[in-house]
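S.K.: One-letter residues, chain by chain:
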Amino acid sequence: MNLLGKEMYKHRFLYILLLPTLLFYVLFQYVPMYGVLLAFKEYHIREGILSSPWVGLANFRELVNQSDFWQAFTNTIIISCGRIIFEFPTAIILALLINEVTKEKFKKFYQTVYTFPHFISWVIISGIMFNFLSESGVLNQIIASFGFDKQTFMTDPGLFRPILFLSSMWKEIGWSAIIYLAAIAGINPELYEAARIDGANRFQQLMAVTWPSIRGTAAILMILAVGNAMNGGFEQVFNLYNPGVYETGDIIDTYLYRSAFGDGLSFGVTTAVGLFKAVLNFILLYSANFMVKRLGGEGLV
Amino acid sequence: MAAQTVKRRKKISMPDVIIHTILILLTICTIFPFYNVVLMSFSDSVAISKQIVYLIPTAFDFSAYSYILHEPRFLNAFLVTIFVTVVGTLINMLVTLTGAYVLSKSGFPGRKAVMSGILFTMFFNGGLIPFYLTMKNYGLINNLFVMILPVAVNTFYMMICIAFFRTLPVALEESAKIDGANEIQILYKVILPISKPMIATIALFYAVDRWNEWWFGVLFMTDVNLLPLQALLRELLTNYQQLLTSISVSSVVSSSSALQPEMLKMAVLVVSALPIVCLYPFLQKYFTKGVMIGSIKG
Chain V
1 MNLLGKEMYK HRFLYILLLP TLLFYVLFQY VPMYGVLLAF KEYHIREGIL
51 SSPWVGLANF RELVNQSDFW QAFTNTIIIS CGRIIFEFPT AIILALLINE
101 VTKEKFKKFY QTVYTFPHFI SWVIISGIMF NFLSESGVLN QIIASFGFDK
151 QTFMTDPGLF RPILFLSSMW KEIGWSAIIY LAAIAGINPE LYEAARIDGA
201 NRFQQLMAVT WPSIRGTAAI LMILAVGNAM NGGFEQVFNL YNPGVYETGD
251 IIDTYLYRSA FGDGLSFGVT TAVGLFKAVL NFILLYSANF MVKRLGGEGL
301 V
Chain U
1 MAAQTVKRRK KISMPDVIIH TILILLTICT IFPFYNVVLM SFSDSVAISK
51 QIVYLIPTAF DFSAYSYILH EPRFLNAFLV TIFVTVVGTL INMLVTLTGA
101 YVLSKSGFPG RKAVMSGILF TMFFNGGLIP FYLTMKNYGL INNLFVMILP
151 VAVNTFYMMI CIAFFRTLPV ALEESAKIDG ANEIQILYKV ILPISKPMIA
201 TIALFYAVDR WNEWWFGVLF MTDVNLLPLQ ALLRELLTNY QQLLTSISVS
251 SVVSSSSALQ PEMLKMAVLV VSALPIVCLY PFLQKYFTKG VMIGSIKG
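Heads up: the sequence lines are chains V and U, in that order. Taking the working numbering, the leading residue of the first sequence gets 1, the next gets one more, and so forth. Taking the working numbering, the leading residue of the second sequence gets 1, the next gets one more, and so forth.
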């Protein structure tokens, strides 16, 4: 014990430097965590979280009886699966395409253009989309000029999910591709040399050299995507959806926000929603990690 | 690699044509929506009402911009966002750099515990309501610091800093230590000066995040005067009529019918995105260099 004390005293300046970080994680990450107790309580404002009475699983029972919750739950799963099916591979394909561009200047140009929308917030992007896709927007002008009927893109429940996928791809694809391009940049050129000597054409080189070297990166990004499956992309959906598309577009997070601050579900029930979601995410993350390791890849944790 | 380049330069092959066609189409798709917004923000209202703002500028009418510059509520939101960006980024850097420096060292008691405690928060949190109630307890409702303190560290960025600090040669520090400097002095006088490119990169990323703040504004601000720019923009986009009746008594909109709602919306969009456009050349200079590579493995 004395030894530990001595050791800590020796590093006392490090602990001083660590203090702000520690305070941040305790105050803003761990203190809110104890609030999940509310999921098993009935929240009384006067009594605060700790003294509010326990109600067992009543909040969860109320939750499973909400049809809107199940709608949001299903939508979240469908939207997240869609993202993994459509958005995940396109980033890899884009990275491979950019990598095939031989001139460094062009490569840089494409990368610069595609990455830009990543830094613009969903609020601004939603404004751009409402402008572009509105009744009198550019897309409808084009459609009309070809003699077709105008579409109500943003309020059509059937179109909402495709619009989510496409707009998310449009915004994030360049950024996601960068991570793969960084991995590709680390490949030893001699590998390509050897493949060419063996007579491999461009496509064969891609399959035999490029792809194996980014597979590990893809696996880790996949684990993270699966571990986020219960989120479904709150910032995007919240800025794009409207009551007309709730049936296909309402996700758990947007449902949670509306019912806690608008439609008046109790804080106990809405905390239960959050806990339910967080636990599922955690389980999904670990399962995906387990699967990747099982398949011979390097996992995240 | 070089041999490959030389070989291909001689003739343009079919795959090259296909690849470039796809990439150029994608470029147009990426740029055009932004271009269109900029066009609309200063085209005249006649053109907009006829719906002919399309590819080329029809006019240069800056009334939407002058309206924004004279409307107190927009100016106010501007000031809020600037405050959050400047003070927020400073606090971000202070906490992130000190924390990352300490955690990049090994061999002091408690490091492992702190590290796993931090990593755990990447995969689990208490959810929206407990977070909201905690901030309320801290007295952060209607307080500008709610957009700064709860986001003081981005764990992902901190991991990048840790990975960077680990690559620095130990010898530098050792010699400073022999001269009798403690770790705080070492960080300030030795480490930070040689980490400038990394610091600039992380600061830019934080600044962009703070500038784009809207969600905590929506969640925690009941006083409309404390809304950041992007939260006000959101109001403008979703509740245009309501917002206008609440703010414009003597403003340009009511006095001249020339200003169309679409123009105003587009002008606010442009103004909110402009700082990012200005910062972007500096941003992209670094991220392509692979600053992010080591980070992905946390």
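It should be emphasised that the hints constitute simulated quantities derived from the structure, not laboratory data. Incorrect hints may appear among the rest.
Unchecked claim - Calculated pairs, DSS-like style, for lysine-lysine (alpha carbon to alpha carbon, straight line, at most 27 Å):
#: 1; chain 1: U; residue 1: Lys136; chain 2: V; residue 2: Lys105
#: 2; chain 1: U; residue 1: Lys177; chain 2: U; residue 2: Lys285
#: 3; chain 1: U; residue 1: Lys105; chain 2: V; residue 2: Lys10
#: 4; chain 1: V; residue 1: Lys108; chain 2: U; residue 2: Lys112
#: 5; chain 1: U; residue 1: Lys112; chain 2: V; residue 2: Lys6
#: 6; chain 1: U; residue 1: Lys285; chain 2: V; residue 2: Lys103
#: 7; chain 1: V; residue 1: Lys6; chain 2: U; residue 2: Lys196
Stated by the list, open to error - Residues from chain V that keep clear of chain U, each with C-beta distances beyond 10 Å, as calculated:
#: 8; residue: Leu27
#: 9; residue: Gly48
#: 10; residue: Pro53
#: 11; residue: Val55
#: 12; residue: Phe60
#: 13; residue: Asn65
#: 14; residue: Leu94
#: 15; residue: Lys105
#: 16; residue: Pro117
#: 17; residue: Phe119
#: 18; residue: Ile124
#: 19; residue: Asp198
#: 20; residue: Met207
#: 21; residue: Ala278
Said to hold, decoys possible - Restraint-style ranges between C-beta atoms, simulated for each label pair:
#: 22; chain 1: U; residue 1: Ile12; chain 2: V; residue 2: Gln71; range: 23 to 31 Å
#: 23; chain 1: V; residue 1: Tyr15; chain 2: U; residue 2: Pro281; range: 50 to 58 Å
#: 24; chain 1: V; residue 1: Thr74; chain 2: U; residue 2: Thr27; range: 57 to 65 Å
#: 25; chain 1: U; residue 1: Leu119; chain 2: V; residue 2: Arg12; range: 37 to 45 Å
#: 26; chain 1: V; residue 1: Pro89; chain 2: U; residue 2: Pro197; range: 32 to 40 Å
#: 27; chain 1: V; residue 1: Leu4; chain 2: U; residue 2: Asn76; range: 52 to 60 Å
#: 28; chain 1: U; residue 1: Leu192; chain 2: V; residue 2: Phe86; range: 37 to 45 Å
#: 29; chain 1: U; residue 1: Ile31; chain 2: V; residue 2: Leu4; range: 12 to 20 Å
#: 30; chain 1: U; residue 1: Asp179; chain 2: V; residue 2: Met207; range: 26 to 34 Å
#: 31; chain 1: V; residue 1: Leu23; chain 2: U; residue 2: Thr21; range: 48 to 56 Å
#: 32; chain 1: V; residue 1: Glu104; chain 2: U; residue 2: Leu274; range: 28 to 36 Å
#: 33; chain 1: U; residue 1: Cys29; chain 2: V; residue 2: Glu7; range: 21 to 29 Å
In this text, a Cβ means the ideal position worked out from N, Cα and C, and glycines have one as well.
S.K.: Would you mind marking each hint as holding or not holding in the structure?
M.R.: Hint check results:
About 51 Å separates the Cα atoms of Lys136 of chain U and Lys105 of chain V, which puts this hinted pair outside 27 Å; it is violated. At most 27 Å may separate the alpha-carbon atoms for a hinted pair to count; Lys177 of chain U and Lys285 of chain U exceed this at roughly 34 Å. Among the hinted pairs, Lys105 of chain U with Lys10 of chain V is consistent with the structure: their alpha-carbon atoms are about 14 Å apart, no more than 27 Å. Straight-line distance between C-alpha atoms of Lys108 of chain V and Lys112 of chain U comes to about 40 Å, which puts the hinted pair past the 27 Å bound.
The hinted pair formed by Lys112 of chain U and Lys6 of chain V meets the criterion: a straight-line CA distance of about 18 Å does not exceed 27 Å. At roughly 18 Å between alpha-carbon atoms, Lys285 of chain U and Lys103 of chain V fall within 27 Å of each other, so this suggested pair holds. At roughly 34 Å between alpha-carbon atoms, Lys6 of chain V and Lys196 of chain U are farther apart than 27 Å, so this suggested pair is violated. Taking the minimum C-beta to C-beta distance to chain U, about 8 Å, the non-interface status of Leu27 of chain V is violated against the 10 Å cut.
Separation of Gly48 of chain V from chain U is inadequate, the least Cβ-Cβ distance of about 8 Å not exceeding the 10 Å criterion. Separation of Pro53 of chain V from chain U is adequate, the least Cβ-Cβ distance of about 16 Å exceeding the 10 Å criterion. Separation of Val55 of chain V from chain U is adequate, the least Cβ-Cβ distance of about 15 Å exceeding the 10 Å criterion. No Cβ of chain U approaches the Cβ of Phe60 of chain V within 10 Å, the least distance being about 14 Å, so the stated non-interface status holds.
Every Cβ of chain U is farther than 10 Å from the Cβ of Asn65 of chain V; the closest lies at roughly 19 Å, confirming the non-interface assignment. With a closest Cβ-Cβ approach of about 8 Å to chain U, Leu94 of chain V is found to fall inside the 10 Å limit, against its non-interface label. Lys105 of chain V, annotated as away from the interface, keeps every beta carbon of chain U farther than 10 Å; the closest lies near 12 Å. With 10 Å as the threshold on Cβ separation, the claim that Pro117 of chain V sits away from chain U is violated: the shortest Cβ distance comes to roughly 7 Å.
A beta-carbon of chain U is positioned within 10 Å of the beta-carbon of Phe119 of chain V; the least distance is around 5 Å. The non-interface label for Ile124 of chain V is inconsistent with chain U: the shortest C-beta to C-beta separation is roughly 5 Å, within 10 Å. For Asp198 of chain V, the non-interface assignment is confirmed: its Cβ lies about 15 Å from the closest Cβ of chain U, beyond the 10 Å cut-off. The non-interface label for Met207 of chain V is consistent with chain U: the shortest C-beta to C-beta separation is roughly 14 Å, beyond 10 Å.
For Ala278 of chain V, the condition that its CB be more than 10 Å from all CB atoms of chain U is violated, with the nearest at approximately 6 Å. Checked against the hint of 23 to 31 Å, the C-beta distance between Ile12 of chain U and Gln71 of chain V comes to roughly 53 Å, which is inconsistent with it. Evaluation of the 50 to 58 Å hint for Tyr15 of chain V and Pro281 of chain U yields a failure: the beta carbon distance comes to about 40 Å. Checking the proposed 57 to 65 Å range against Thr74 of chain V and Thr27 of chain U shows it is violated: the Cβ atoms sit about 37 Å from each other.
The beta-carbon spacing between Leu119 of chain U and Arg12 of chain V, approximately 25 Å, falls outside the hinted interval of 37 to 45 Å. Distance hint check for Pro89 of chain V and Pro197 of chain U: the Cβ-Cβ separation is about 33 Å, which falls inside the suggested range of 32 to 40 Å. Evaluation of the 52 to 60 Å hint for Leu4 of chain V and Asn76 of chain U yields a pass: the beta carbon distance comes to about 53 Å. The hint said 37 to 45 Å for the Cβ distance between Leu192 of chain U and Phe86 of chain V, and at roughly 43 Å that hint holds.
The hinted window of 12 to 20 Å between Ile31 of chain U and Leu4 of chain V is violated, with their beta carbons roughly 60 Å apart. Range check, Asp179 of chain U to Met207 of chain V: about 56 Å between beta-carbon atoms, so the 26 to 34 Å window is missed. Separated by about 54 Å at the C-beta atoms, Leu23 of chain V and Thr21 of chain U satisfy the suggested range of 48 to 56 Å. Here the CB-CB span from Glu104 of chain V to Leu274 of chain U is close to 29 Å, well matched to the stated 28 to 36 Å.
The beta-carbon spacing between Cys29 of chain U and Glu7 of chain V, approximately 58 Å, falls outside the hinted interval of 21 to 29 Å.
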